[in-house]
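Letter by letter, the chains look like this.
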Amino acid sequence: MAVSSTPMRWPNAWADPAALDLLRGTAIDCLLIDNSDELVGVRERAQKAGLRVLHPDAPTEGIEIVKGAWPGVKMSRNGGAEAGPTGVPWVDSNGWNILLARALRPEHEVWVDAPPDAGAFITADSYRIAFADSAAYGGRWIISLDKSLAAALAAGKTEAQGPWQRLMQTAAFFGAHKGWADYAAAGVAGVISDFSGDNEFFSRELLNLLARAGLHYRILPKQNRWGTDGLRALLYVDADGPAPALREQIDDFVNAGGMLISPFWPKVVGGALPLAPLDKYSVSSAGKGKIVTCKTPTDDPYVFANDAVVLVSHRYDMVRFWNSGATASFYTLAPDHRGALVHLLFYSYRGPDAASVRIAGRYRAVRAATVENADVAGVQLEPQRDAVEIHLPQVSQYVALELEA
Amino acid sequence: MPCHRQTRREWLWKTSAAAGAWLAGPTLTRAAAPSGPVAVARCRTYDSAELLPTMQKMFDQLGGLGRLVAGKTVAIKINLTGSPTYRLAYLPLEDTHYTHPHVIAAAAHLLAKAGARRIRLLESPWSTADPVEEYLLQANWEPRDLLGAAPNVEFENTNWLGQGKKYARMPVPFGGYIFPAFDLNHSYADCDVFVSIAKMKEHATAGVTLSMKNCFGLTPCTIYGTGAGVDEPSDVPRGGRGLVHAGDRQPSKSAPQEKDPTTPREDTYRVPRTVVDLNAARPVHLAIVEGIKTMTGGEGPWVNEDLKAVAPGLLVAGLNPVNTDAVSMALMNFDPMADRGTPPFERCDSTLKLAEDAGLGTRDLRRIEVTGGSVAELRFDFAGMRQSRRSAPRPRPGIRG
Numbered sequence: 014m015a016v017s018s019t020p021m022r023w024p025n026a027w028a029d030p031a032a033l034d035l036l037r038g039t040a041i042d043c044l045l046i047d048n049s050d051e052l053v054g055v056r057e058r059a060q061k062a063g064l065r066v067l068h069p070d071a072p073t074e075g076i077e078i079v080k081g082a083w084p085g086v087k088m089s090r091n092g093g094a095e096a097g098p099t100g101v102p103w104v105d106s107n108g109w110n111i112l113l114a115r116a117l118r119p120e121h122e123v124w125v126d127a128p129p130d131a132g133a134f135i136t137a138d139s140y141r142i143a144f145a146d147s148a149a150y151g152g153r154w155i156i157s158l159d160k161s162l163a164a165a166l167a168a169g170k171t172e173a174q175g176p177w178q179r180l181m182q183t184a185a186f187f188g189a190h191k192g193w194a195d196y197a198a199a200g201v202a203g204v205i206s207d208f209s210g211d212n213e214f215f216s217r218e219l220l221n222l223l224a225r226a227g228l229h230y231r232i233l234p235k236q237n238r239w240g241t242d243g244l245r246a247l248l249y250v251d252a253d254g255p256a257p258a259l260r261e262q263i264d265d266f267v268n269a270g271g272m273l274i275s276p277f278w279p280k281v282v283g284g285a286l287p288l289a290p291l292d293k294y295s296v297s298s299a300g301k302g303k304i305v306t307c308k309t310p311t312d313d314p315y316v317f318a319n320d321a322v323v324l325v326s327h328r329y330d331m332v333r334f335w336n337s338g339a340t341a342s343f344y345t346l347a348p349d350h351r352g353a354l355v356h357l358l359f360y361s362y363r364g365p366d367a368a369s370v371r372i373a374g375r376y377r378a379v380r381a382a383t384v385e386n387a388d389v390a391g392v393q394l395e396p397q398r399d400a401v402e403i404h405l406p407q408v409s410q411y412v413a414l415e416l417e418a
Numbered sequence: 068m069p070c071h072r073q074t075r076r077e078w079l080w081k082t083s084a085a086a087g088a089w090l091a092g093p094t095l096t097r098a099a100a101p102s103g104p105v106a107v108a109r110c111r112t113y114d115s116a117e118l119l120p121t122m123q124k125m126f127d128q129l130g131g132l133g134r135l136v137a138g139k140t141v142a143i144k145i146n147l148t149g150s151p152t153y154r155l156a157y158l159p160l161e162d163t164h165y166t167h168p169h170v171i172a173a174a175a176h177l178l179a180k181a182g183a184r185r186i187r188l189l190e191s192p193w194s195t196a197d198p199v200e201e202y203l204l205q206a207n208w209e210p211r212d213l214l215g216a217a218p219n220v221e222f223e224n225t226n227w228l229g230q231g232k233k234y235a236r237m238p239v240p241f242g243g244y245i246f247p248a249f250d251l252n253h254s255y256a257d258c259d260v261f262v263s264i265a266k267m268k269e270h271a272t273a274g275v276t277l278s279m280k281n282c283f284g285l286t287p288c289t290i291y292g293t294g295a296g297v298d299e300p301s302d303v304p305r306g307g308r309g310l311v312h313a314g315d316r317q318p319s320k321s322a323p324q325e326k327d328p329t330t331p332r333e334d335t336y337r338v339p340r341t342v343v344d345l346n347a348a349r350p351v352h353l354a355i356v357e358g359i360k361t362m363t364g365g366e367g368p369w370v371n372e373d374l375k376a377v378a379p380g381l382l383v384a385g386l387n388p389v390n391t392d393a394v395s396m397a398l399m400n401f402d403p404m405a406d407r408g409t410p411p412f413e414r415c416d417s418t419l420k421l422a423e424d425a426g427l428g429t430r431d432l433r434r435i436e437v438t439g440g441s442v443a444e445l446r447f448d449f450a451g452m453r454q455s456r457r458s459a460p461r462p463r464p465g466i467r468g
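Sequence lines, in order, name chains A and B. Using this note's numbering, you'd call the opening residue of the first sequence number 14 and step up by one each time. Using this note's numbering, you'd call the opening residue of the second sequence number 68 and step up by one each time.
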């Protein structure tokens, strides 16, 4: 469902209803305000101003609130970036969580509850990333200010205006593009699970790690009906086998030339993959496709996620980055199938200065938009075989690439 | 299995007047260091129409590849330094700091044409045990172009155990400057002929990186990397070779340890010496230095210098890596006889001098037969650009990944 709101968690310290003046002319149209007596005046005036007022902890019809993490490069205690075992900076992103919530409850609007840590100093750019990280995936971050910014804004301090304006500019940008949430996620692999019960940890962590490894996937909940168009691989990750109808659908996909990768799939007769480190998997042919299973079932989603990326192969990367630092991307297809929209997120403390991005697919034109600039100048498109490479000038941390087929 | 490496070693031992002293350290005189022909050529493009005949002619000038590779398994160490996501501006990696795939393919094609039975393309890609093919795809290369360059071409990632059952112990015949021996991926032992294909570049730590420095990447990071196992090799490589650079820890205990942990813990001391140790342990039979397109200022886009993409249009090939690197340095307008304190070795020891002292080959141009062209006519002035660059303020670092 397309997002229709731009929610904000009202700072408890803003007891003066006059603080609502800060919202005038912004995209914020929904406030989550505590029920405390000090905020009665704020609630009343907000409602009179036409703002939707909700209680932060009360479930709200039609809205799915997911608990998220503050997005960005995770820093270690010594100030360096934390990394996974292969040295790639560890990026916290809420994108996978939003996609999962949208897949499980497509009729709901998805909001992300990820306030800054207590005592954290959040930069203006970090606020922009926090908002864009949710909005790019069709969700909405519940705008949550750190205490020092909230206090500085309430006191009318000049230095608070920069971060606030930057944040409001970002909210306005996505508020003006609500239709983007109707674009369909494109993926090279489909992840099948019920994402609950005993399967919850492995399946959800897998989504997180696959996204971090740059694999574009579609989420295929067992309980939903879905198609496999455009997919090269299915990842069946539940310990329990599929129901007969789902099994038949998976078999059809494999027989038609697809690849099934599963850590728990019933043992199949097949040879080991010849190449280490993938020799811990067995592969067997089925129709025109193949089934890849773990010789020994794994309970480590990190290993499985990284192996799956290689098993699917970087040959089918939908997006490749150069000179981009810690990144994420979300590749979507226009409802009319006449183009694509690729969201690019750069989680470094500032945007890249000479990034290149390879987008799979045949496109003849591109328009890059940032929060500050609706049509970035100097973007170059270079056609490649079944792909285009786009050279970006200095940009900020979020870029939307609108590609024309 | 007959091995050229052993033959050459035996030859070195026999011809060395001071062979007995090798074990104590490098004491060979400069005159005793081997010399052989080095072919140089102008090659302006990577088009096969220009590249293939140029390389063929160069190999012919070296006496032909047939006698070296006919019926043999040939291992080629290519250079894919750094992460495949790092570029100099928007340029493809092969135009600046990776050995160009067309040069690799041309070499494979010509080696096969000369009778090579099997060609193995080896590299230790940055911090991963994934197949090299997957690494190449991330660099925007098409691995099939290389696999199809000749019959029986294959890749192996040598940054870990790889396809082998165990690591191969490779002793340093002269005893080694830093390491007496190395534990390497089996591919470096299981070959008859070893080829180093390097990019012609300056290097932040070692002054220049040519066919010898390319062999720094022989060391698997499972043993010699920042995240190497303490007692045994780690399962997969983690991080770079900070261990060899800084000497802040020893390799996994299962591997030969440093000879003398009290030697300087400085990369400008350790890297050149380790490179020589590696070249002695795994001698290069054919050295190819590719400078058709490259960069000045360092070995990759992460170096904090005023980096520039350049097109010297140069190819160098020789049967001895020290000789080949000496001629390459001269083509870069550096003095191959330069020592620490003189460009490009302002801050570091000269790998070439150390290699010469160890008896691996001469760097004295007067003792090297250069064929195919004249150094003076082909020279591209890396040295002059270095001087200009270093007299200007350093650039502000950008976000490059």
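Simulated from the structure, these hints should not be mistaken for laboratory data. Treat the hints with care, as some may be off.
[To be verified] Here are the computed lysine-lysine pairs in the PhoX-like style, where the Cα-Cα straight-line distance is at most 20 Å:
(1) Lys160/A - Lys170/A
(2) Lys293/A - Lys233/B
(3) Lys293/A - Lys232/B
(4) Lys303/A - Lys293/A
(5) Lys233/B - Lys320/B
(6) Lys232/B - Lys320/B
[Said to hold, decoys possible] Some chain B residues well away from chain A (every beta-carbon gap over 10 Å; in silico):
(7) Ala99
(8) Leu119
(9) Gly138
(10) Ala156
(11) Ala181
(12) Pro198
(13) Asp315
(14) Pro368
(15) Leu432
[Said to hold, decoys possible] Far from chain B by the CB rule (all over 12 Å, computed), these chain A residues:
(16) Lys87
(17) Arg118
(18) Ser209
(19) Gln262
(20) Val316
(21) His350
(22) Asp366
(23) Ala378
None of these values were measured; they are calculated from a predicted model. Quick reminder that beta carbons are idealized off the backbone N, C-alpha and C, glycines included.
A quick look at each hint next to the structure:
1. Lys160/A - Lys170/A: 14 Å, holds
2. Lys293/A - Lys233/B: Roughly 17 Å between the alpha carbons, so the hint for Lys293/A and Lys233/B holds.
3. Lys293/A - Lys232/B: The given pair, whose Cα atoms are some 15 Å apart, holds under the 20 Å limit.
4. Lys303/A - Lys293/A: 16 Å, holds
5. Lys233/B - Lys320/B: Holds - the C-alpha atoms of Lys320/B and Lys233/B are around 15 Å apart, at most 20 Å.
6. Lys232/B - Lys320/B: Holds, at roughly 18 Å.
7. Ala99: 43 Å, holds
8. Leu119: Check passes; 23 Å lies beyond 10 Å.
9. Gly138: 25 Å, holds
10. Ala156: The claim is violated: Ala156/B sits with its nearest Cβ about 5 Å from chain A, within 10 Å.
11. Ala181: Check passes; 28 Å lies beyond 10 Å.
12. Pro198: Per Cβ check, Pro198/B is inside 10 Å of chain A; nearest 5 Å; violated.
13. Asp315: 15 Å, holds
14. Pro368: 8 Å, violated
15. Leu432: 39 Å, holds
16. Lys87: Label holds. Min Cβ-Cβ 17 Å, cutoff 12 Å.
17. Arg118: About 35 Å separates Arg118/A from the closest Cβ of chain B, which puts it past 12 Å; holds.
18. Ser209: 32 Å, holds
19. Gln262: 29 Å, holds
20. Val316: 10 Å, violated
21. His350: Holds, since 27 Å exceeds 12 Å.
22. Asp366: 4 Å, violated
23. Ala378: Label holds. Min Cβ-Cβ 18 Å, cutoff 12 Å.
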